[in-house]
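Visitor: Modelling step: build the complete structure from the supplied sequences, incorporating the hints.
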Amino acid sequence: MTTIDRHIPDRLDSPLRSALFSWEALLVLVAVAIFIVNSLASPYFLNAWSISDLTFNFVEKGLIALAMALLIIAGEIDLSVAAIIALASTAMGMAMQAGLDTPGLVIVGLAVGLACGAFNGLLVTRLGLPSIVVTIGTMSLFRGIAFIVLGDEAYRGYPQSFAYFGQGYVWWVVSFEIVLFAVMAVVFWFLLHRTVFGRTVFTIGNNPVAAAFSGIRVERVKFILFCLTGLMAGVASVLLTSRLGSTRPSIAQGYELEVITMVVLGGVSILGGSGSIVGVVLAAVIMGLVTFGLGLLNVPGIVMSIAIGMLLITVIALPILWQRLKKARTV
Amino acid sequence: MMHAPAPTTVNATAPLLTLSGISKSFPGVRALNDVALSLYPGQVTALIGENGAGKSTLVKIMTGIYQPDAGRIAIDGRPVELASAHAAFENGITAIHQETVLFDDLSVAENIFLGHAPRSRLGLIDWRTMRANAREVLETMRAGHIDADARLRDLGIANKHLVAVARAMSIDAQIVIMDEPTAALSAKEIEELFLLIEFLKEEGKAILFISHKFDEIYRIADRYTVFRDGEMVGEGRLTDTAEGEIVRLMVGRSVEHIFPERTPKIGAPLLAVSGLSHPTEFEDISFELKRGEILGFYGLVGAGRSEIMQAIAGMTRTSGGSIALDGETLAPKSAAEAIASGIVYVPEERGRQGVVIGLPIFQNVSLPSLSKTSKNGVLRLAEEFALARTYTERLDLRAASLSQDVGTLSGGNQQKVVIAKWLATKPRVIILDEPTKGIDIGSKAAVHGFMAELVAEGLSVIMVSSELPEILGMSDRIVVMREGRMVNIYDNDGLDAETLVRAAAGIVA
Chain A
1 MTTIDRHIPD RLDSPLRSAL FSWEALLVLV AVAIFIVNSL ASPYFLNAWS
51 ISDLTFNFVE KGLIALAMAL LIIAGEIDLS VAAIIALAST AMGMAMQAGL
101 DTPGLVIVGL AVGLACGAFN GLLVTRLGLP SIVVTIGTMS LFRGIAFIVL
151 GDEAYRGYPQ SFAYFGQGYV WWVVSFEIVL FAVMAVVFWF LLHRTVFGRT
201 VFTIGNNPVA AAFSGIRVER VKFILFCLTG LMAGVASVLL TSRLGSTRPS
251 IAQGYELEVI TMVVLGGVSI LGGSGSIVGV VLAAVIMGLV TFGLGLLNVP
301 GIVMSIAIGM LLITVIALPI LWQRLKKART V
Chain B
1 MMHAPAPTTV NATAPLLTLS GISKSFPGVR ALNDVALSLY PGQVTALIGE
51 NGAGKSTLVK IMTGIYQPDA GRIAIDGRPV ELASAHAAFE NGITAIHQET
101 VLFDDLSVAE NIFLGHAPRS RLGLIDWRTM RANAREVLET MRAGHIDADA
151 RLRDLGIANK HLVAVARAMS IDAQIVIMDE PTAALSAKEI EELFLLIEFL
201 KEEGKAILFI SHKFDEIYRI ADRYTVFRDG EMVGEGRLTD TAEGEIVRLM
251 VGRSVEHIFP ERTPKIGAPL LAVSGLSHPT EFEDISFELK RGEILGFYGL
301 VGAGRSEIMQ AIAGMTRTSG GSIALDGETL APKSAAEAIA SGIVYVPEER
351 GRQGVVIGLP IFQNVSLPSL SKTSKNGVLR LAEEFALART YTERLDLRAA
401 SLSQDVGTLS GGNQQKVVIA KWLATKPRVI ILDEPTKGID IGSKAAVHGF
451 MAELVAEGLS VIMVSSELPE ILGMSDRIVV MREGRMVNIY DNDGLDAETL
501 VRAAAGIVA
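Protein chains in written order, with the working numbering: chain A, 1 to 331; chain B, 1 to 509.
It should be emphasised that the hints constitute simulated quantities derived from the structure, not laboratory data. Predicted model only: the values in this text are computed from it and were never measured. Careful, some of the hints might be misleading.
[To be verified] Example chain A residues on the side facing chain B (calculated, C-beta under 7 Å, incomplete):
#	residue
1	Pro15
2	Ala19
3	Ser50
4	Ser52
5	Val196
6	Thr203
7	Asn207
8	Ala210
9	Phe213
10	Val218
Backbone N, C-alpha and C define an ideal beta-carbon position, used for all residues, glycine too.
Guide: Here it is as structure tokens:
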């Protein structure tokens, strides 16, 4: 063979340059803009405690969004996460009445979340059913159980120490919730972008057949991702139950849509295959800023839900329209 | 350059359909180059050629799916433009494929009259007339045993073909294309199909019959046209032409492509496959692969070659037999296990099974080697880049950077990435399934040159290929398969293409 030296470089653009022109950079600009608008619109916004309160608007959903991002990148989805919160919360309420203390309650909450995720995962990977159908079904199933157990009632009277997870502060205005979110964001960033497991997630999302031919156990990875999403819903359930101090069967109603909005706004392709944790974290912050800002302006909840619906459609449509525009120009 | 022969005295009829000067190119591939074809009323013309000779492209042009880059199409001497599938339909051209394009959940009558159903005065479908007409059409083609109200799903493949033909009759199609119609039929069903073709001939239809099976061609066809590498290399009447002549035309003598010179250093047996069977795809497959050997697998599409290779690579389960590597019995249950034991499979469908479009080149290459380029499950990008560079540069990959999406590469360069990815696992046996299918000449030469280097280093290669020059140019020994069974193993020593074609097509020499 001729030995012409054809050196292929690792990359053409420097990592810094590609970071500057990324979706994430755009999200930072958007977040700063909303922050400024908020501080101009309300005199109460620029205040350490206000900003601390703001974080409670997105942390629980954001924690689920971290795991959901991996699931969507792998080409699957879980619509039952809010129902898992309700079921896990109901289970914790029952456990409390049975006399369990805080550590036991946390374990019950996490275990129910994990079990629900595993159930979704089994239905999708073992029976080969589409996840969107499976999790619409389990969404009704999980929440239905919570309604059967509770009816119009509510569980109240969680132990004093249990309140720490949703209401406690680690230091000054820094809540336990935001610290946990920061830690989990780093953990998920590392998992997705720095490990072999994360690479297999991207590979499966782009081409599951080629992934299987390359020796990746596609079904196993997907099962783990469903378990992880269920577990994070369990974590969110512990935080939310602790913060509210009670369990109603309607708890966390509609959260799944906000979680998916966060993931998609964060730049994760709804078709699978691409996305980043940094983007999802920024999107969670933006969602928190928007809802808190609207709250400061006394915008009613129903208008907020309209705003979130519009945001979801916009962020899904924008990249697709952008691609189409680019194509139209090149042809 | 061949010209359409002047009508002989025996055949005074003018052609019904004439295609002339038809050319069609795809990026990197010239599928058809100035080909001609004539179909005569009341006659069956067989279109013959190897895989990749351009037959399917021509059928797609005739049915309006592809538009030719150049050339003329005329029906009854009147030029036509087949701008869409609908236009072809309007011009009375209909095609019956291996997987017939009908609607499984509609009734037989609905399938026959879809798009031109008889209407009542109110513009609604006149069901009664439609059923009656359907029965009549089926009756005239001696297929009265098919119930016009039956759901198509409940019919066998042979009866589905009959429905497709009935549909052609109902629109009074004059030109019927049959693309390997017998591929999924039993011997009895084939007989029934032939009776039907006779009937269509009597009706004066012009029929194009595509088949790889010479016995069928001689049985049913009147004329033949042979394609090779996208060119028309001969045509005539079958009664005037011996089988051997057609095989020679198919195979050709021109060798445009020089294969690498090599002096095989073949060692001891490495892989031993014995009695390997699958419930439906293949049966009783036994062969040995030696160190430093290229073993070619030749056969028609559907002969079961890919399925055998996928079984050896852990992607398909078997129903019997054994696989041993270096004396050690293997029963790989997944690709991961096969890769771990040193057997890798480079699949035929590059886009679906090979490359991961959306990921950069270096991540494609490192994919099956991630356990080596990582530590405790944590990626090491520098090692991945180094691994990717080593193998892609050896294969002479043309890319701007290793971080480029593999989807932006040409087909040939994507194939180099796929081969690089498998070589990076340092396999002992590499199975290449149609390694140069659909790639340009330059990339083909690079792949062939590299295969020669690999075996020189002691790697063992199995190459599945439907391209005769490639099989003969590269293999040390050649296994010929036909309908899921091994026909023979030949030493590639003075072997000629005709022997292989005859064996694969089931012609007893």
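Visitor: Look at each hint and say if it fits the structure.
Guide: Now the hints, each set against the structure:
With 7 Å as the threshold, the beta carbon of A:Pro15 stays out of range of chain B, its nearest partner Cβ sitting at about 10 Å, so the hint is violated. The closest approach between the C-beta of A:Ala19 and any C-beta of chain B is roughly 14 Å, which is over the 7 Å cut-off, so the hint fails. Given hint, A:Ser50 at the interface with chain B, is violated; its Cβ is 39 Å from that chain's nearest Cβ, farther than 7 Å. Contact between A:Ser52 and chain B, as hinted, is not supported at the beta carbon level, the nearest pair being about 34 Å apart and thus beyond 7 Å.
For the restraint placing A:Val196 at the interface with chain B, the shortest Cβ-Cβ distance is roughly 5 Å, inside the 7 Å limit, so the hint holds. Proximity of A:Thr203 to chain B holds as hinted, the smallest CB-CB distance being about 5 Å (cut-off 7 Å). For A:Asn207, the interface hint holds, the least distance from its beta-carbon to any beta-carbon of chain B being 4 Å, beneath 7 Å. Satisfaction of the interface hint for A:Ala210 is found here, the shortest Cβ-Cβ separation to chain B being roughly 5 Å, below the 7 Å cut-off.
Nearest Cβ of chain B to the Cβ of A:Phe213: about 5 Å, under the 7 Å cut. The hint holds. Among the interface hints, the one on A:Val218 is violated; its C-beta lies about 10 Å from the nearest C-beta in chain B, farther than the 7 Å criterion.
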